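**Q** As a plain string of letters, each chain reads:
Protein chains: 2
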Amino acid sequence: MYKINDNYLKLQGSYLFSTIAKKVNNFKKNNPDNKIISLGIGDVTQPLVPTIINKLHHAVDEMGQVDTFKGYAPDLGYEFLRNAIAEGDYRTRGIDISIDEIFVSDGVKCDAGNIQELFSVDNKIAVCDPVYPVYIDTNVMAGRTGAYNTINQRWSDVIYMPCTTDNNFAPELPKKTPDIIYLCFPNNPTGTAITKDQLQGWVDYANRVKAVIIYDGAYEAYISEDEVPHTIYECEGAKNCAIELKSFSKNAGFTGVRLGYTVVPKELKCDNVSLNTLWARRHGTKYNGAPYIIQRAGEAVYSETGREQLKRQVDYYMNNAKAILEGLRSAGYSVYGGINAPYIWCKTPNNITSWEFFDYLLEEANVVGTPGIGFGPQGEGYFRLTAFSTYENTIEAIERIKKL
Amino acid sequence: MYKINDNYLKLQGSYLFSTIAKKVNNFKKNNPDNKIISLGIGDVTQPLVPTIINKLHHAVDEMGQVDTFKGYAPDLGYEFLRNAIAEGDYRTRGIDISIDEIFVSDGVKCDAGNIQELFSVDNKIAVCDPVYPVYIDTNVMAGRTGAYNTINQRWSDVIYMPCTTDNNFAPELPKKTPDIIYLCFPNNPTGTAITKDQLQGWVDYANRVKAVIIYDGAYEAYISEDEVPHTIYECEGAKNCAIELKSFSKNAGFTGVRLGYTVVPKELKCDNVSLNTLWARRHGTKYNGAPYIIQRAGEAVYSETGREQLKRQVDYYMNNAKAILEGLRSAGYSVYGGINAPYIWCKTPNNITSWEFFDYLLEEANVVGTPGIGFGPQGEGYFRLTAFSTYENTIEAIERIKKL
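Residue numbers (the UniProt record's numbering), protein chains in the order written: chain P, 1 to 404; chain X, 1 to 404.
Isolated chain P (complex conformation) (with noise of 0.2 Å):
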């Protein structure tokens, strides 16, 4: 008789933007006639850009004809687009990354939760407090967390690093040794960034204690301050210790286009087992590739006028984070994050829970943001507003808290 992977009925709860979801479709049915905005999923609501939607067109047309018609794509991803990744987001930084250690995927989340399948078991993980839930999920159903506590909400076998106000939300080196350290720099959910001197000290640690740092960068589009590194590779030592997660959903408006890519050097390797093998290994045998006509669109990303077209965008979504910053702060909301990342973090009044503050917002102003507790226990107490927006509903959404 066959038996289940009983790592699954750990898993606590349903997922988070399940949970919100829920609850604002019954605040939907119960108040039809109000408008609800949305700053609390990070998914974006601007449209791709001319030149994406050109190039998407021309590979449909590509796929319409016998001559230019494209099957099954290369494991890691066409080289076109290898390329162009290679040289836009590393050679112009000064950084040689070959086309063979970047593998080309269906996005961050994908990747972000299938890395865990190269390490053992045993493997000790050490996450930020508060986190992009996915880190631990995934490890929950691999059999990697030991029990939860249901008093502290925390895994048994999990180390955390508590991100607060008194590191300013930078975490500090844990004090018992992980294997495999999740690190995401400008960081989801409290939008803040770390300079590169200090994830010079987290490559420096791991390459000292042999751990392997899972670094995920998919805010790196909206990095404004220049002591912000744009990659853990800037940092001397990365290549040896580091594997890097980039996102098309951000820079690029993909949440609904689906790309990302993973970069694993050649230089990482745990004994004599390099680690790009093991994930080439695993791209062959589990994934197809993503789309040819999606992987086109990508390629757009980098050409001159993708970039162009894009910055604007990107300093659109910036420029209702500062509406928030600036809007909450004149309400006399603590708030964190937003210069580096399109997420501010913000404290909520008079020490209510973060569901309280949820659902208040919810009810009073019509406002859904996301309740940083469902980001882990030190997120108890703050609230997560995203820019994605669009610029007229930010506003609103602002002035309508100001007015509570």
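FYI, nobody ran anything at the bench for these hints, they're computed from the structure.
Be a bit skeptical, because a hint or two may be false.
[Unchecked claim] Here are the in silico distance ranges between beta carbons for each label pair:
#, chain 1, residue 1, chain 2, residue 2, range
1, X, 359, P, 68, 30 to 36 Å
2, P, 177, X, 266, 43 to 49 Å
3, X, 177, P, 168, 54 to 60 Å
[What the hints assert, rightly or not] Heads up, simulated BS3-like pairs for lysine-lysine below, C-alpha to C-alpha not over 27 Å straight-line:
#, chain 1, residue 1, chain 2, residue 2
4, X, 70, P, 23
5, P, 210, P, 196
6, P, 10, X, 3
7, X, 28, X, 403
8, P, 266, X, 23
Please read all numbers here as calculations on a predicted model, not as lab measurements.
For glycine and all other residues, C-beta sits at the position ideal for the given N, C-alpha and C.
Given chain P, work out where chain X should sit, using these hints.
**A** Frame of chain P; chain X shown alone:
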């Protein structure tokens, strides 16, 4: 210090089609003027049909307008596509599958690789021999297959079900009881099918021993005989024991478009745990949906004009299959399959090995096929040819083989 998942190190050699690609590239380098015809990898050659191209253009335009732009897709896939699937693939056959039992994905290879995550590591799998390598390799990676025996080329903890001329390539119920049974009909690689009565025997067996069937129906569109079932849910009791994997790759030419779906019926439970709920949780946590524009292309597959155009495409490939079958038979080869599937399973002449025949055909006829041994020890002495080339190339390849 971190450690890798050393199950990966147990994987045998590289993935079959990578090895073939290397051999072919090597031959090309040494014989740049020879025209190689590939009847090897099961990749389609005909362009997307006009109805699908139109739908793709329309969806691309939607992504370029703020009012119609789509961000993150619903976890299970858009309802318009799941409705089309439920209606087109099930309800029209008198089978009731609800849309929340359908999970849209980026293809059968991913789903076939990922589905094993739902089950305990100590579950025992049964596979046909020969078999699509993904079923085994993904279980090797998960640590479910025991040790590899290089002499008999078998994994110690895997139950093999030989498919040979003795049983007309229809596997018999295994002597040892498995927990998870992988079945693929019409079959890759043998191109053969089983009747509804035969499949009902498997469903009854699975329900009796409380095993789960992973049913890969990727080649369903090629069924031409009445007694061959189009879905496992035609069998009584299948909803209690079977998960069905379906692809758009072969019926609609989506190998480079990437779309598939998996059906996990709500009745499918292990004790009281619903596998539908587990798979939904996996989708929500590790996946972000197929691209919107691709899901719209999938919807077009079920439209009236889409069906008509795709029927002609399937007929085109099956005409190739007929040419291969008849050509090889007239040349004295023993051939199987090719009636309900786009694959022809050919006995090698004079009992030479599969790889010997591969090299022989490559060198003497410049024709590429797939060595049967790549699919398992019972595939030794066989060779797979696909009907997915153009008609002209198929005819030329068969003429070359006939001349040898």
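**Q** Do the alpha carbons of residue 28/X and residue 403/X lie within 27 Å of each other, as the hint requires?
**A** Status holds; Cα separation ~22 Å.
**Q** How does the Cβ-Cβ distance of residue 359/X and residue 68/P compare with 30 to 36 Å: does it lie in that range?
**A** At 32 Å between Cβs, range holds.
**Q** Would the pair residue 210/P and residue 196/P pass a check requiring their Cα atoms to be no farther apart than 27 Å?
**A** Within the cut-off at roughly 20 Å; holds.
**Q** Would you mind confirming whether the straight-line C-alpha gap from residue 266/P to residue 23/X stays at or under 27 Å?
**A** Measuring from Cα to Cα gives roughly 25 Å; hence the hint holds.
**Q** Please test the hint of 43 to 49 Å on the beta carbon pair from residue 177/P and residue 266/X.
**A** About 45 Å separates the Cβ atoms of residue 177/P and residue 266/X, which means 43 to 49 Å holds.
**Q** Is the straight-line distance between the alpha-carbon of residue 10/P and that of residue 3/X 27 Å or less?
**A** OK: residue 10/P and residue 3/X at ~24 Å, within 27 Å.
**Q** Is the straight-line distance between the alpha-carbon of residue 70/X and that of residue 23/P 27 Å or less?
**A** holds, 22 Å
**Q** Verify the CB-CB distance for residue 177/X and residue 168/P against the hinted window 54 to 60 Å.
**A** holds, 59 Å
The structure fails none of the hints (numbered hints given earlier).
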